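Protein chains: 2
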Amino acid sequence: MSFKDNIRKVTPYVAGEQPKVEGKIIKLNTNENPYPPAPGVRKLMDEMRLSDLRLYPNTFAEPLRKELAARYDLKNENIFVGVGSDDVLAMAFLTFFAGEKPVLFPDITYSFYDVWAELFKIPYKRIPLDEEFKININDYKEPNGGIVIANPNAPTGICEPLSFIEEMLKNNPDSLVIVDEAYIDFGGESAVSLLSKYENLLVVQTFSKSRSMAGLRIGFAMGSTEVISAMDAVKNSYNSYTMNYPSQVLGVEAVRDEAYFKETCEKIIATRERSKKELAALGFTFPDSKTNFIFATHKTMRAEDIAAGLRKKNIFVRHFSKPRIDNYLRISIGTDEEMDTVFAVLKEVIHK
Amino acid sequence: MSFKDNIRKVTPYVAGEQPKVEGKIIKLNTNENPYPPAPGVRKLMDEMRLSDLRLYPNTFAEPLRKELAARYDLKNENIFVGVGSDDVLAMAFLTFFAGEKPVLFPDITYSFYDVWAELFKIPYKRIPLDEEFKININDYKEPNGGIVIANPNAPTGICEPLSFIEEMLKNNPDSLVIVDEAYIDFGGESAVSLLSKYENLLVVQTFSKSRSMAGLRIGFAMGSTEVISAMDAVKNSYNSYTMNYPSQVLGVEAVRDEAYFKETCEKIIATRERSKKELAALGFTFPDSKTNFIFATHKTMRAEDIAAGLRKKNIFVRHFSKPRIDNYLRISIGTDEEMDTVFAVLKEVIHK
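Here the protein sequences come in this chain order: D and H. So for the first sequence, my numbering puts the first residue at 1; every next one is plus one. So for the second sequence, my numbering puts the first residue at 1; every next one is plus one.
One thing to keep in mind: the hints can contain errors.
Copies of the same chain are indistinguishable here, so a pair counts whether it falls within one copy or spans any two.
Said to hold, decoys possible - With a cut-off of at most 25 Å between alpha-carbon atoms, the simulated BS3-like pairs for lysine-lysine come out as follows:
#1 Lys-312 x Lys-27
#2 Lys-313 x Lys-20
#3 Lys-347 x Lys-75
#4 Lys-125 x Lys-313
#5 Lys-197 x Lys-170
#6 Lys-141 x Lys-276
#7 Lys-347 x Lys-134
#8 Lys-43 x Lys-197
#9 Lys-125 x Lys-4
#10 Lys-4 x Lys-75
#11 Lys-4 x Lys-101
#12 Lys-121 x Lys-101
#13 Lys-197 x Lys-4
#14 Lys-24 x Lys-134
#15 Lys-267 x Lys-277
#16 Lys-170 x Lys-312
#17 Lys-299 x Lys-121
#18 Lys-9 x Lys-121
#19 Lys-262 x Lys-277
#20 Lys-134 x Lys-75
#21 Lys-312 x Lys-322
Hints were generated in silico from the structure; no laboratory data involved. Computed from a predicted structure; not experimentally measured.
Just chain D, same shape as in the assembly:
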């Protein structure tokens, strides 16, 4: 008997590589936004006072909750904030999935879901997507302890319409349904409008993609007062002060500057649509993406070999060594200039 016998066994999530190479790189492997945050953030950074850092930050991140509530036409008590949507989702798993029945989610989806379920010993069942990587809603009619749907789904990029989410909620009135909308701002329709009708809905979003703030670690959830207060209680059983002072101050601007937010989202969407044409011309096929990435497979060349070829030119894309998707690449949408370089390099890599 040793203390080592009491250590929790886990298989951690593996995040996209953070390249440590000299010189210029094109980083399209973790779906970051190619554009900087709203310009007003600079002024807020300058105005932060050194002496404010000595104090504990607001426990409820009130400035940020208030701004988000106004933006989504909700009340402060309908907003939960956390250290990235990973923290928010993990807290939601811990809060809402304490039952005995399995929580359901697709086999191909954000690969943290099963990691959290394992960590918190939550029973779960992965339901295979169909051959076109689509969710079959009829698969989610069996008894369950909750449902988690990424919409748009990752890494496929496929977005379901609002009617699909509503049907899922109607079919499962006794289950909490988490809709993970990390990529919703790139062309999908948010389920936030369904909150007034369905108490069993939790919508999760992040500042890491469309709001260009991955470095600040801000995620949030929207739900009924009762659902959010249950999350707050669990959060306050874990850590009273999760979101630090700089994130609370600077995050507000990402919500307030709606014009900049829309402009960058539209730029990324335009680049994505152009990228679809370029990739198709190069012999790639892919599900139709409504995200800031394209999940592509090539008709002749292996995904792994393409990734290796790109990497030689300091271009990083994501390859998952997982069943069903190991011949796909997830390519984040960069700036137009970055994507032009990618297409040029792909032409070399693929034709040689």
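Take the given structure of chain D and dock chain H to it, following the hints.
Okay, now just chain H, sitting in the frame of chain D:
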């Protein structure tokens, strides 16, 4: 059956109040440092580039790990960092206490320990401190799944010598022993020097007290390579990116500027020692504190009434409505000027 039946039942930790009153207040209820962080932090704030915020921060908070490793004469792989020591301690509970035997800690100690144990369904046993609020080391010889000792203890302020911690480690070679040193820099001796001899030791510290950075949420743990890598694995099963970019950048300066750190700690110690004399003269008794607070009870007047009297003058101290300690106040050490005001108001409050 409703989704509400699957919600985890918790009794959250209650943090000290964050006063929302107009005008000048003296906030001595959450043990914050009365002095600002190291002056060099300002320059680092100014140098942060807006565009860096769009990228995910370093998963392992490498700049900070490196600086801490150098400071404590350890290697990077002996350092774990998290979002405040609450995050670090919660991760340690989740990582190391997955066994069946109860984890032991005192009945009067940091009140998050039992909250985490409940949250993660960890068996635990609270062992009463003796009548003078001291830990009896012989109480920690029964079979256990781990031991957690705050040293100095909170809210008592009592610090045990290094020999006590070493004896605890020797008595429990098969248990992981967490030593929570949130207040160690105010006059205690850290157990970090025991790490080379005891693999079952985890030392946890924070930037929120002695390093004046409660607003940035930085805590860290020091342990053997195996112990730290187990924590990293659990952390990476929870959230890949916990510590945000500003904390990674600014936190470094709090470690690098050792002269400023020592100077502020010594100022606080000097004010504390003077405060002990003043409080004794006012009729208070208290265990001898080696922290940045004094845990005091008055010979005639009820703690709750004293707290209410102080509050009328916008002075906030902490009162716990808990068995054994409900006639005590935990008074954080402020600046000399703030403490002089407190003593003057106490004279009025107590003599009336």
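For each hint, the structure was consulted:
1. Lys-312 x Lys-27: within (13 Å within a copy, 57 Å between copies)
2. Lys-313 x Lys-20: within (14 Å within a copy, 55 Å between copies)
3. Lys-347 x Lys-75: For Lys-347 and Lys-75, neither the intra-copy (51 Å) nor the inter-copy (45 Å) Cα distance is at most 25 Å.
4. Lys-125 x Lys-313: Classified as neither: same-chain Cα gap 40 Å, cross-chain 58 Å, threshold 25 Å.
5. Lys-197 x Lys-170: within (10 Å within a copy, 60 Å between copies)
6. Lys-141 x Lys-276: Intra 35 Å, inter 66 Å, cutoff 25 Å: neither.
7. Lys-347 x Lys-134: neither (30 Å within a copy, 73 Å between copies)
8. Lys-43 x Lys-197: neither (40 Å within a copy, 50 Å between copies)
9. Lys-125 x Lys-4: For Lys-125 and Lys-4, the Cα distance is within 25 Å only across copies (20 Å; inside one copy 30 Å).
10. Lys-4 x Lys-75: Between copies, since 21 Å is at most 25 Å while 46 Å is not.
11. Lys-4 x Lys-101: Classified as between: cross-chain Cα gap 14 Å, same-chain 31 Å, threshold 25 Å.
12. Lys-121 x Lys-101: This pair counts as both: shortest intra-copy Cα distance 12 Å, inter-copy 18 Å.
13. Lys-197 x Lys-4: between (49 Å within a copy, 17 Å between copies)
14. Lys-24 x Lys-134: Neither way: Lys-24 and Lys-134 sit 37 Å apart in one copy and 59 Å across, limit 25 Å.
15. Lys-267 x Lys-277: Only inside one copy: Lys-267 and Lys-277 sit 16 Å apart there, 66 Å across copies, limit 25 Å.
16. Lys-170 x Lys-312: neither (50 Å within a copy, 53 Å between copies)
17. Lys-299 x Lys-121: neither (40 Å within a copy, 50 Å between copies)
18. Lys-9 x Lys-121: both (11 Å within a copy, 16 Å between copies)
19. Lys-262 x Lys-277: within (23 Å within a copy, 62 Å between copies)
20. Lys-134 x Lys-75: Classified as neither: same-chain Cα gap 34 Å, cross-chain 47 Å, threshold 25 Å.
21. Lys-312 x Lys-322: within (23 Å within a copy, 63 Å between copies)
Of the numbered hints given earlier, the model fails hints 3, 4, 6, 7, 8, 14, 16, 17, 20; all others are met.
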